[in-house]
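Position chain B against the provided structure of chain A, taking the given hints into account.
Note that the protein sequences, when read in sequence, are chains A and B.
Take 1 as the starting number for the first sequence in the numbering used here and just add one per residue.
Take 1001 as the starting number for the second sequence in the numbering used here and just add one per residue.
Because the hints were derived from the structure by calculation, they are not lab data.
Below, simulated DMTMM-like cross-link-like pairs (lysine to aspartate or glutamate); rule was C-alpha separation at most 25 Å, straight line:
{"id": "1", "chain 1": "A", "residue 1": "Lys-300", "chain 2": "B", "residue 2": "Glu-1159"}
{"id": "2", "chain 1": "A", "residue 1": "Lys-36", "chain 2": "A", "residue 2": "Asp-115"}
{"id": "3", "chain 1": "B", "residue 1": "Lys-1450", "chain 2": "A", "residue 2": "Asp-115"}
{"id": "4", "chain 1": "B", "residue 1": "Lys-1421", "chain 2": "A", "residue 2": "Asp-285"}
{"id": "5", "chain 1": "A", "residue 1": "Lys-335", "chain 2": "A", "residue 2": "Asp-40"}
{"id": "6", "chain 1": "B", "residue 1": "Lys-1056", "chain 2": "A", "residue 2": "Glu-105"}
{"id": "7", "chain 1": "B", "residue 1": "Lys-1056", "chain 2": "A", "residue 2": "Asp-115"}
{"id": "8", "chain 1": "A", "residue 1": "Lys-332", "chain 2": "B", "residue 2": "Glu-1456"}
{"id": "9", "chain 1": "B", "residue 1": "Lys-1119", "chain 2": "A", "residue 2": "Asp-336"}
{"id": "10", "chain 1": "A", "residue 1": "Lys-300", "chain 2": "B", "residue 2": "Asp-1185"}
Since we're looking at a predicted model, the values are computed, not measured.
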Amino acid sequence: MDYNLLWFVLVGILFAGYAMLDGFDLGVGALILRVKDDHDRRILYNAIGPVWDGNEVWLVTGGGALFAAFPPVYATVFSGFYLAFILLLFALIFRAVAIEFRSKEPWLWWRRWWDRGFFAGSTTASMLIGVAMGNIVWGVPIDARGEFAGTFLGLLHPYALLMGVTTVTLFMMHGAIYLHMKTEGTLQAIVREWINPLIIAFIVCFSLTTLATLLYVPRMTAILRAQPALFGVVVLLVLAVANLPREIHRGHDAGAFLSSCATMLLLMALFGLGMFPHMVYSVPDPEHSLTAYNAASTEKTLKIMTIVAAIGVPIVLTYTVTVYYIFRGKVKLGKDSY
Amino acid sequence: MNVEILSRIQFAFTVSFHYLYPPLSIGLGLVLVMMEAMWLKTRNPLYHNMARYWTKMFGLIFGLGVATGIVLEFEFGTNWATYSRFVGDIFGSALAAEGIFAFFLESGFLAILLFGWDKVGPKMHFFATCMVALGAHFSAVWIIVANSWQQTPAGSHLEIAGKAVLPGHAFEITDYGHARMVIDDFWGVVFNPSSMDRLSHTLVGAWLSGAFLVLSVAAFYQLKRRHTQFATASLKFGLALAIGASLLSLVTGHSSAGGVAKNQPSKLAAMEGLWESGPQAPLHPFGWVDTANKRTIGPKIPAGLSLLVGGTADHPVIGLNDIPPDLRPPIQATFQFFHIMVTMGFTMIGLSLLGGFLWCRGQLTDTKNFITRWFLRLAVPSVLLPQIANQVGWFTAEMGRQPWIVWGYLRTSDGLSAVVKANQVLASLIGFGMIYLLLFILFLFLLNRKIQHGPEPLEESENLPESWLKSARA
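So here's chain A without its partners, still in its complex pose:
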């Protein structure tokens, strides 16, 4: 295994961690307007309260790792998707301050306003993340200098939009499953009502995306044809999704949540397998594609970063798990709550 492959995987893991963790709090944002009572909404906010900003750090670190390990990819994608990324920033800012500001005043209009901001920010961010992923899968025009040669509107083609909608449903499903674990009583019963429709919606969206990928982006499945053993990932993915209603039905909320996390990880694994070694696939000129080899930092930097990750990641995982453990169980509102 060379360092380029290692960092391709590590960057993928960081973004998968982001999807898995911030995914549920983005999903909670997309669901927030579905409950009407202020007390119930507060429980939803406090379910993600202690962890949301740690979750967002996965995006910051993933972005930093991409910048460090594959600077041309970072530069090309961020400047090429300029307006989309600026919108993503606006959405992320809005939802962050909505969480922070909402609880500071008791006025109903104030809280309603921030709830809408939180909903709009979370939904837009999920959608944009999906659209960006969709474009990476589909391929984007890259010129001979390695610069993006398309337009903003060109990024909004049907495949990317489908991926966007799929991502929103995925995050909503993930968020609902997380909330089922954190709530109790009548609120939990309300959340329970959401889960099955969301699982079905996700399966429908994901089937459509898969079909579209098979038909229009066959290179994404080339590796599965070449190495049939990797079809195991697909099998695991289907099992993880099928396990969701089973765990919920049996009352194993944590099991359902872990299964949902596994779904996210396996989806990212399929994405990574399909892409490798490409990071930005160029259409119509594949020879301009940016790969883990032609767009990487020096091996020296990758080695240094590997040491940084080897020291840092275990520490990060230790206290992330600790924090989740400390705040385990059902949400109880107290005087420090949002």
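Below, chain B alone, put in the same frame as chain A:
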């Protein structure tokens, strides 16, 4: 306006707005550590009450820091793509290390700091507070390392189309797509010639932000005779840190300037408005740079600059006349911002020493005393002093670095994204302008409401969590 100007304005605006918050989190984080340590030591519920009050403030400030910070990481790529490709091998690692070592630490333990009062025991809570403060300091370490490397590149070399360009070798970069900086020595990058000076000066500036915020709020309560017990104790915490940090900023500022003289002479010349090279370089306490006639108008201390940077009056200092015009930074702005920073610094020293004097005389809370009253009145708006100093200090550092984005290697004007158009940047700039204006108004509104509301009454905070009471009795 063209895309270069707009991108410069956008970065300057978003980074300045962001930089209102991190220094406060760093400084206030340290104050929280001090307060909780005092509580653990004395078990006086007053300190616990203070820690809780300032923790709430901390939460608000930290939230805004996070929300506005992610913008900057994105902007390197969105607006400065050529720069990102050029420096990624070095700059990117520092940014990633910041994420792994600092941001995770901060945000993970922040959960316990803000919401964990009833979930963990006091020692664990204190540990979490220390980790949040440490994380905030670490984030300064990595970002200052990255920025300092841009100011004084070290531990790296230039590579064009895969071939190393040796130092001193003449080169002409025509295609930045094939040129990049490449790392030689990680520790050389970390300990580049300016990083330690600039890190210490930045951290001390951040402590001042925290100290003067506490000082200002406490002085306000003291003057209004509200929450007097709380106010007196907070005043002392704020003042102790303010005295220490303002004096330290003199030391770190002096050594930073010495480094600038050595490594970035054009920046120093602009900061000081020095035109003639040579020994006996004068120092202008204030003045106006007359760029047309190549002179600086205002009072001067003969040989002052030579003495400050070299220790002797005969120390030669390079002046602007010996720097080619296309390599000079914007002189007037650099000169004025630098002088505002120094003025703010000395004002903070004066104010905190006055407070220290009153403290020694036991008159710090004696609002009948004429001097004390004036001290408190001045202390209320003093929260602005470190904020202004931090902002203009960075203006000096970054404007003084121009025309370079990476000193000696890449010009700022060459670092732009090739594919981003002026109207796109204009749109995003207007968007940031409106959103940040809204955020700033709301931030001030909520901050003011919190200050007006004041800390919880002391009796209430004596209802400590059961686990805390047990450990308090033990």
